[in-house]
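Chemist: I would like the entire structure built from these sequences, with the hints used as guidance.
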Amino acid sequence: MNTNFKTKANYDSPCDSDNEWTNSSNDSKYSDSESSVPEWDSDVGEDGELIYIKSKAPQEASNDNKAPLLENCETFKLRNNFKRSSTRRSTRGRIFKVLKAHKLKKSDNGKKSHLGIEGAALSINSNLIADDKVIVIQISKNMIFNSEKNCQIERLFGIRLETHSDGKTLLVSDFLTEAKTIYSPRIKEGYYLNKINGIDVNSYNINSVLQRIVEDHNHPKLTFKVPDEGYTLDIEKLLLAKDSPNNILMETLKESMCSIIYLCCNDIEYNSNDDKGVLYCYPRPYNQNFLYNTRGAYVTLNHLAPKSLGTSKPEIATVLYNNKLINVTYTTHFSDLLLVAFPNEHIDLFSTRKVVTDVVRLLEFLYGSLKSCFTKPNNVDKLDNLFSRIYVMLLYGSYKGKNECKRTCYLEDLLGAHSVTLPLEVRVQIDDAITELEAADYREWTDDVENFQRLYTVIGSCLYYSAHLLSSHLQDEDLKEVNAYLRLSGILRLSCDKDLEKLVIWKEVYIHEHRKQSKNDGHDYRIPDGRWFLLIVGKGHFILATLMEAGGCTEDAIGVTPPSPFYVEECESCLELLYEVNLNQYLASWFDSNTQPQVETSPEYLTKYGRKMRDINSLKSESTFKSSTLKLPKSQSDAKRRHNSSEHINVGSVDNMASTFGSHHSLYMQWYNGSQKYRHSSVDVSYSDDSNSLKSNSEISEERVQGRRADRERTRRDSSGSDVDWDRQDGSRASGSLDNNMSDIRKSLLSEINRVTVHRITAGEDNVLFHFMQFESEKGVLLAPVKDIETKANNVLYSYILKTFRSACKKIHELLQHSLRFKRNHAPCNPLNRILVAVKEYGMLFQVPSNVLSQCGVNKKNTEIFQFWVVGRIFSEPEPRELYVCYHESVPQELTEIAYSLSYLE
Amino acid sequence: MSIVVIAVGTESGVPIFTRRRGNNENIQFSTIASLHGINMFSKCHNLSMIDTHVDNGTILWKEYCKSITLIGIATGGLECDLELLLSCVHDVMIFYIGKKELETLKSIDQIKRELRQCYPILDYLLESLDPNAVSSPLPTLVLDLIQSVLCPQAQQLQQALDVYAESVTGRWACLCIHGQVIVTSSDFQELDPREARLLCLLTAAQDGAPLRDTPVYLPQMSPNLAFRAVTCKLLADVYVLVICGATPALSQIDEIVLQCWEGYAQIIKEAKLTHPRNFPMSIVFEPCILAVMVINVIKQRCVFSRHLHPSTQKSRGMSGAHRMDILRTFYVTSARDLAPEMRIKSEENDDGLADMTEAYWCSEYHKCHAQRLGNLLCCILYTSSMQIHTIRMITNKLLQDLTTSKEVHW
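These protein sequence lines are chains L and U, in that order. Numbering (the working numbering) for the first sequence: 1 to 906. Numbering (the working numbering) for the second sequence: 1 to 410.
Because the hints were derived from the structure by calculation, they are not lab data. Quick reminder that beta carbons are idealized off the backbone N, C-alpha and C, glycines included. Where hints are given, some of them may not hold.
[Unchecked claim] Partial pick of chain U residues on the chain L-facing surface, computed with a CB cut under 10 Å:
{"no.": "1", "residue": "322"}
{"no.": "2", "residue": "355"}
{"no.": "3", "residue": "362"}
[What the hints assert, rightly or not] No farther apart than 27 Å at their CA atoms in a straight line, the calculated lysine-lysine pairs in the DSSO-like style are these:
{"no.": "4", "chain 1": "U", "residue 1": "397", "chain 2": "L", "residue 2": "324"}
{"no.": "5", "chain 1": "L", "residue 1": "307", "chain 2": "L", "residue 2": "276"}
{"no.": "6", "chain 1": "U", "residue 1": "66", "chain 2": "L", "residue 2": "608"}
{"no.": "7", "chain 1": "L", "residue 1": "313", "chain 2": "U", "residue 2": "43"}
{"no.": "8", "chain 1": "U", "residue 1": "66", "chain 2": "L", "residue 2": "324"}
Modeler: Written as structure tokens, this is what we have:
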């Protein structure tokens with residue numbers, strides 16, 4: 001609620017003259033929202049849906065880590081309030097305009113077909129990264145390599161080539177041992193050989209080009225191209241694509257044996273349909289789709305199994321086609337059958353099950369039911385896009401380095417929404433911001449409450465940062481569905497990879513509660529027969545997804561319903577609020593800090609040899625002033641230092657400000673108003689767009705805080721917490737105290753990072769915890785260390801441990817499901833194995849192979865073994881909860897205790 | 001639980017046999033035809049169905065010898081490796097009628113008739129998977145292991161066995177008590193563990209016949225040329241089996257048996273006393289241990305025991321059969337990962353669990369722990385009150401005892 005009060009308070013204070021404020025913020029990023037047409041307006045599709053993405057240029061994005069700390073200064077924060085006041089004021093003034101516009105839009109739907117221009121906008125927005133890395137290597141003509149196969153290219157250049165799947169491009173497949181030193185590390189396997197002596201080469205002309213090389217006296221020059229990472233870079237493009245995906249993508253998916261098909265199996269439809277009951281098939285053409293060709297087998301088995309074999313319906317099958325193992329899942333919808341296939345090398349049986357559950361969830365969420373999804377008219381292109389996106393996301397969209405994670409999906413994401421532990425204050429802050437959005441109490445924006453009916457009721461929202469769930473106010477099922485949408489369509493991935501400047505997605509959805517309700521009618525507490533919309537707004541690494549309901553107490557949504565600028569802005573301002581308390585920076589360093597609970601990312605320190613190494617290191621570092629007794633990873637100590645310094649600046653500037661205000665303000669004011677633009681552009685070049693504008697704002701506000709206002713601020717700082725009478729009480733709310741809270745929280749957030757308390761959840765003197773996962777299946781929320789912990793650790797042993805942990809977890813998870821199923825359903829139709837249902841805990845002890853150990857420098861001479869446990873346990877009370885822990889063998893652990901201490905951190 | 005194994009001629013689609021166990025109904029001919037049709041259809045499209053999972057079960061097609069398709073259906077929470085079962089069934093078929101006959105499949109009716117002799121062993125295999133039938137003294141609790149007894153007399157008996165094998169000009173011989181191997185001749189290792197297991201099953205299927213010879217094909221060693229397996233009853237539930245050529249005649253063997261074994265009657269009787277415990281008395285078990293299963297990974301032999309403590313606690317809430325079932329389930333679902341070399345599925349090679357050395361389960365009523373030390377893998381069922389670190393110590397100590405004990409001969 002804070003923003004609203006503040007706005008009100010600031011706005012009413014006499015020294016703010018409206019015009020000046022709006023003018024001064026004209027060149028801030030809010031300038032665009034001042035105009036009545038939002039920038040995404042032209043991207044709204046004919047069906048009212050919207051996907052608008054604008055990401056910052058990559059080099060600016062990288063700057064975010066070294067975010068300008070000046071923003072932490074008290075002065076700058078004050079200015080933030082002003083900035084907000086200006087925006088909100090504009091909104092307030094605009095709300096009626098918007099409503100009117102909305103009404104108008106509704107009335108003349110037909111005219112809205114001038115959307116041809118959007119293509120142009122897209123091409124600008126997407127694909128900012130265009131430069132292909134090119135590496136040139138010169139080979140001495142005198143060198144002749146030993147080629148066993150007597151192959152010209154091997155003899156001349158010492159490399160082996162293969163053709164890319166397109167049949168034309170040449171790829172480096174291997175190096176001859178003698179030649180390895182020439183190429184590595186610059187050229188790796190999989191790079192393209194583009195040119196020789198400047199001539200483009202491909203599989204057709206390579207021989208003739210080589211002939212020329214042999215005759216040529218000069219040293220040949222090879223030009224290699226670094227392959228782009230498949231489709232990973234193009235998530236943005238994929239998200240924006242409106243027409244059906246391009247052929248190359250379709251071919252790639254076809255080759256990797258991804259396939260999806262939806263058939264209706266009842267006689268009437270079967271006969272009336274041209275394609276023998278096939279309602280949808282991807283990738284096409286039909287006759288090249290292996291699922292299409294062999295669908296008879298699946299359909300027959302699907303009939304046969306429950307009727308004649310007395311088993312349940314088939315769930316998943318593994319088939320061998322073209323020497324590739326493929327997992328095919330069955331999903332039945334009344335008499336219809338949805339088959340989805342994934343290549344086993346990318347997505348194993350376990351992952352396929354989980355992914356398809358999510359895919360089905362997603363389809364039902366977006367279309368109400370599987371049937372309506374595949375029978376909706378003119379929907380093929382959209383479905384094509386959706387599935388190509390899903391496949392690309394799953395096959396190429398791994399978070400880690402592409403080479404490593406080729407085989408499997410990221411386990412944490414498969415199970416549920418990946419969330420992290422946050423300190424209480426931060427959580428309160430986030431929840432507060434979301435609650436404010438959900439309350440949607442905009443009495444302040446309009447005086448005409450009686451005649452104004454709201455358009456939507458917010459029924460819940462959830463907030464992500466860098467693909468980690470921070471908070472969810474959604475119902476459990478809704479969260480699962482929203483999470484499935486965000487993850488499978490790559491939005492989370494996008495928010496992780498890129499620093500978004502603006503992302504707005506608007507989609508009509510069918511919420512779980514409504515779908516279920518229509519099946520069994522006559523419930524007492526019916527939810528209204530309305531429509532539901534998912535509004536996703538992103539900024540920076542934040543993604544805020546909000547479910548809105550139209551119907552019931554709000555205006556009914558009829559016909560094509562484009563997003564309402566007001567609600568988009570509401571969501572944006574919710575994110576703004578988080579930026580205001582510097583949550584973006586806080587989270588960045590929090591994610592780096594590895595504190596709650598701390599995991600040991602340098603496992604070799606737990607060996608004798610490692611201890612010695614650590615002691616030596618710590619001695620060294622102590623001698624160079626910095627003590628690192630906490631064994632914090634480097635990034636964290638960096639973060640600490642950074643915030644230390646910011647604190648200094650903070651304190652200093654406050655003092656300065658207070659002392660100088662009285663005397664110089666009038667002079668400064670003139671000067672500032674005049675040269676503001678100039679300063680803005682010259683001084684802050686290094687900062688990102690975002691900070692830039694903040695800063696420019698801040699300078700103004702610093703100067704504007706004077707007179708009564710400055711006094712007020714000062715008193716507030718002095719006597720924080722007390723309700724000062726200057727506050728115009730707005731309604732029943734005490735905005736003053738809240739305002740105070742805001743700055744308090746900011747302070748505490750920052751200071752918190754300074755005195756990071758390292759939490760450990762394992763027993764024993766050393767931290768023996770390597771990784772953990774806590775999964776609540778009912779809620780669909782999974783608690784685990786941050787996603788890039790492995791990258792940050794950058795440690796062979798740790799990566800090995802994580803890999804083992806994940807595969808072990810899959811196995812443990814599957815076993816523990818027996819117990820869950822038993823508890824959920826006491827008289828199952830299929831008798832369960834009574835031994836397996838009783839298993840509560842499953843542990844495995846692993847021994848690290850010596851080659852891995854020697855890679856991290858441990859175990860050169862001594863034959864010390866390194867063992868670690870992966871243990872999973874299920875807690876059925878009060879809600880089912882699975883806990884997976886990975887720890888060093890040296891200290892025995894009790895999982896119940898770990899779960900206990902973990903619950904305190906949550 | 002229910003399990004069905006169906007054999008169909010691949011080309012003709014003629015059902016050859018159906019064996020089932022559990023509470024399922026008989027599978028109709030049309031169903032078998034459809035099931036077979038699914039497989040044939042997908043084959044036409046160069047697609048082979050590896051396996052299909054239903055809720056709580058599996059359906060599996062497997063084609064052998066390019067002539068016979070085995071279809072296995074397991075449901076009802078049965079923890080077994082269906083693929084392993086089907087390959088065992090296939091082994092049994094070759095064992096009795098030879099590979100050539102199966103491949104050519106000249107006269108289906110004749111083959112059907114010949115395959116009837118497999119039924120007892122096939123039924124043993126299926127029955128051994130049934131948790132409700134564990135109490136029956138079957139030698140196949142675990143499909144891929146040969147059940148044995150560790151007795152201190154093994155060395156002496158092995159000498160006698162070698163002499164006996166030599167005198168009947170045979171190569172491979174084994175001595176079984178209750179269908180569990182006590183001792184084998186020195187050359188017995190040459191046999192594939194799966195062949196050895198079939199031979200043990202054969203002795204178990206003798207039903208008290210004093211002397212009998214059966215022509216058998218060894219699936220790996222000589223799938224097309226029959227050997228002669230001579231089984232001879234020495235004492236009640238004690239059989240000696242030898243694989244030999246056409247000579248000597250059965251009557252001569254009868255005499256040779258008498259010569260060779262007469263002096264060993266006492267030793268065999270002593271060895272027989274080891275039986276329900278299956279471990280030498282010098283191996284002592286802690287009172288918290290409810291049941292034990294020790295596996296020799298290289299030889300693919302295992303020793304089960306649930307009679308660990310002489311006659312004190314009769315029933316502690318858990319029947320002996322149930323204990324065996326728990327350990328068996330533990331081994332099949334979890335502890336087998338400790339012995340990756342025993343996997344038959346080579347395609348799913350790297351699931352990241354290859355470096356496991358220990359595993360445990362805590363259930364509401366008991367704890368299971370498995371540890372591997374060299375070639376020995378030990379799975380132990382403990383009372384639920386035990387702590388994991390204590391359990392680990394006890395298991396480790398038992399493994400040490402087993403490796404150092406002079407009375408343990410595998």
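Chemist: Could you tell me which of the numbered hints above are not met by this structure, giving the numbers in increasing order?
Modeler: Violated hints (numbers, rising): 4 and 6; every other hint is consistent with the structure.
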